[in-house]
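> With the working numbering applied, the sequence shown covers 1 to 274.
Hints were generated in silico from the structure; no laboratory data involved. Possibly wrong hints are sitting among the right ones.
Straight-line C-alpha distance at most 25 Å; calculated DSS-like pairs for lysine-lysine [stated by the list, open to error]:
#1 LYS204 - LYS194
#2 LYS247 - LYS227
#3 LYS75 - LYS126
#4 LYS274 - LYS228
#5 LYS240 - LYS62
#6 LYS227 - LYS194
#7 LYS247 - LYS204
#8 LYS228 - LYS247
#9 LYS62 - LYS83
#10 LYS204 - LYS240
#11 LYS204 - LYS274
#12 LYS83 - LYS204
#13 LYS247 - LYS194
#14 LYS114 - LYS204
#15 LYS126 - LYS114
#16 LYS83 - LYS274
#17 LYS75 - LYS228
#18 LYS62 - LYS126
#19 LYS274 - LYS240
#20 LYS194 - LYS83
#21 LYS194 - LYS114
#22 LYS240 - LYS114
#23 LYS194 - LYS126
#24 LYS114 - LYS75
#25 LYS274 - LYS194
#26 LYS75 - LYS274
#27 LYS62 - LYS194
#28 LYS227 - LYS75
#29 LYS204 - LYS228
#30 LYS228 - LYS83
Here are the computed distance ranges between Cβ atoms for each label pair [to be verified]:
#31 ASN214 - PRO53: 27 to 37 Å
#32 GLY152 - PRO53: 18 to 28 Å
#33 GLY152 - ASP104: 25 to 35 Å
#34 TYR107 - SER169: 38 to 48 Å
Built from N, CA and C at the ideal position, the CB exists for glycine as well.
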Amino acid sequence: MIRRPPRSTPSNSSAASDVYKRQLPDPFTFSLLLAITNNEDQDLYFRATLVNPPAGYSNYTKDLGLISAGGSAFKLYSLTRSKPTLTDGEYTETLTVRIEAYTDSAYTNLYATKDIQVTVTFIDHKDPAFTAIDVDNFDSGDVEGWALVDIGENFTAKLAGPGEPRVASDHYVSPPYSMYTNSSSEPDTYAIVKSFNVPTGYTKAYLVIHFWSNNDWGIRIVNSQGKKLVKPSGLLNNQKWYRVVVKLPVGESTTVQLQGRVTWYVDEIYVIAK
């Protein structure tokens, strides 16, 4: 699940701490990442909506645009919701998302539909019910174990890898620093990498990462469950802070890979468990 933090933190602002501590807006916007393949022999226009949505949802019918015959695309489906009541820092609900395909750009000629079930968990990553396994806020002035590593492949399909990670003070979620990198002459197989271990004894764990980018850039997690691209390089690169939350396995290590050849920042990275 991807969503905007309350607002983009002003660069070098004395009010930045207060901005970060503000509560989530009510209502707020969050986004579901949809991977859609058009298996038909004609171009189709896709729309997403909710079927019998739970109370609190609005503005949930979204036109996702054209996917050519035989083509595939990631589409970001953004929804508006009033704040639910969390218990021990969590609230889980199941949504029925209907994907509609139309033959025309005006979305008048319905071709087919498909319903999918999506379970959404809202969390407060600072709730005391969670144990913070790791917190990287870079405020000590170093990159806290993140390193430039040759991972042997290029998962964002760009022409150059990132440079060495370093701290920056021009963009951040919490002052005075974030972690920053931009393009370099390194091969495209390089990524900024760190591994996080969630010990046994917990029943669930999450990764929370805040990012800012101005062009193609991606996040991928790697563990015993395989490789998962959680932020495709072509989405959410509009120079605003976003928050990504990913469920992690317990009792093992997960490696987080950040890759892209452009300017990007990350801050307030949490691994939490309960």
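> For each hint, tell me whether it holds in the structure or not.
Hints versus structure:
1. With a C-alpha separation of about 20 Å, the suggested pairing of LYS204 with LYS194 holds against the 25 Å cut-off.
2. A hinted pair counts as satisfied when its Cα atoms are at most 25 Å apart, and LYS247 with LYS227 qualifies at roughly 13 Å.
3. With a C-alpha separation of about 29 Å, the suggested pair LYS75 and LYS126 falls outside the 25 Å cut-off, and the hint is violated.
4. Proposed proximity of LYS274 and LYS228 is supported: the alpha carbons are some 23 Å apart, at most 25 Å.
5. For the suggested pair LYS240 and LYS62, the alpha carbons sit about 21 Å apart, so the restraint of at most 25 Å is met.
6. Annotation: proposed proximity of LYS227 to LYS194 holds, straight-line Cα distance about 15 Å (limit 25 Å).
7. The hinted pair formed by LYS247 and LYS204 meets the criterion: a straight-line CA distance of about 8 Å does not exceed 25 Å.
8. Taken as a hint, the LYS228 and LYS247 pair is honoured in the structure, with Cα atoms around 11 Å apart against an allowance of 25 Å.
9. The straight-line distance between the Cα atoms of LYS62 and LYS83 is roughly 21 Å, inside the 25 Å bound, and the hint therefore holds.
10. As the CA atoms of LYS204 and LYS240 are separated by approximately 29 Å, the hinted pair breaks the 25 Å bound.
11. Restraint check: the Cα-Cα separation between LYS204 and LYS274 comes to about 6 Å, which is no more than 25 Å; the hinted pair holds.
12. A hinted pair counts as satisfied when its Cα atoms are at most 25 Å apart, and LYS83 with LYS204 qualifies at roughly 22 Å.
13. The hinted pair formed by LYS247 and LYS194 meets the criterion: a straight-line CA distance of about 16 Å does not exceed 25 Å.
14. This hinted pair does not check out: LYS114 and LYS204 have alpha carbons roughly 31 Å apart, beyond 25 Å.
15. A C-alpha spacing of about 37 Å is found between LYS126 and LYS114, which places the hinted pair above 25 Å, so the restraint is violated.
16. With a C-alpha separation of about 22 Å, the suggested pair LYS83 and LYS274 falls inside the 25 Å cut-off, and the hint holds.
17. The straight-line distance between the Cα atoms of LYS75 and LYS228 is roughly 16 Å, inside the 25 Å bound, and the hint therefore holds.
18. Distance hint between LYS62 and LYS126 is unfulfilled; the C-alpha atoms sit about 31 Å from each other, more than 25 Å.
19. Among the hinted pairs, LYS274 with LYS240 is inconsistent with the structure: their alpha-carbon atoms are about 30 Å apart, more than 25 Å.
20. For the hint linking LYS194 to LYS83, the alpha-carbon distance of about 33 Å lies beyond 25 Å, and the restraint is violated.
21. Restraint check for LYS194 and LYS114: not satisfied, since their Cα atoms lie roughly 38 Å apart, outside the 25 Å limit.
22. Only pairs whose Cα atoms come within 25 Å are accepted, and LYS240 paired with LYS114 is rejected, the gap being roughly 32 Å.
23. With a CA separation close to 21 Å, the supplied pair LYS194 and LYS126 stays within the 25 Å bound.
24. Of the supplied pair hints, the one linking LYS114 and LYS75 holds, its CA atoms being roughly 15 Å apart against a limit of 25 Å.
25. Straight-line distance between C-alpha atoms of LYS274 and LYS194 comes to about 21 Å, which keeps the hinted pair within the 25 Å bound.
26. With a CA separation close to 32 Å, the supplied pair LYS75 and LYS274 exceeds the 25 Å bound.
27. Proposed proximity of LYS62 and LYS194 is contradicted: the alpha carbons are some 36 Å apart, above 25 Å.
28. Among the hinted pairs, LYS227 with LYS75 is consistent with the structure: their alpha-carbon atoms are about 20 Å apart, no more than 25 Å.
29. For the suggested pair LYS204 and LYS228, the alpha carbons sit about 18 Å apart, so the restraint of at most 25 Å is met.
30. For the suggested pair LYS228 and LYS83, the alpha carbons sit about 28 Å apart, so the restraint of at most 25 Å is broken.
31. For ASN214 and PRO53, the Cβ-Cβ distance of about 34 Å falls inside the hinted range of 27 to 37 Å, so the restraint holds.
32. Checked against the hint of 18 to 28 Å, the C-beta distance between GLY152 and PRO53 comes to roughly 43 Å, which is inconsistent with it.
33. As the Cβ distance of GLY152 to ASP104 is approximately 45 Å, the hint placing it in 25 to 35 Å is violated.
34. At roughly 46 Å, the beta carbons of TYR107 and SER169 sit within the given window of 38 to 48 Å.
When the structure is compared with the earlier hints, violations turn up for hints 3, 10, 14, 15, 18, 19, 20, 21, 22, 26, 27, 30, 32 and 33 and for no others.
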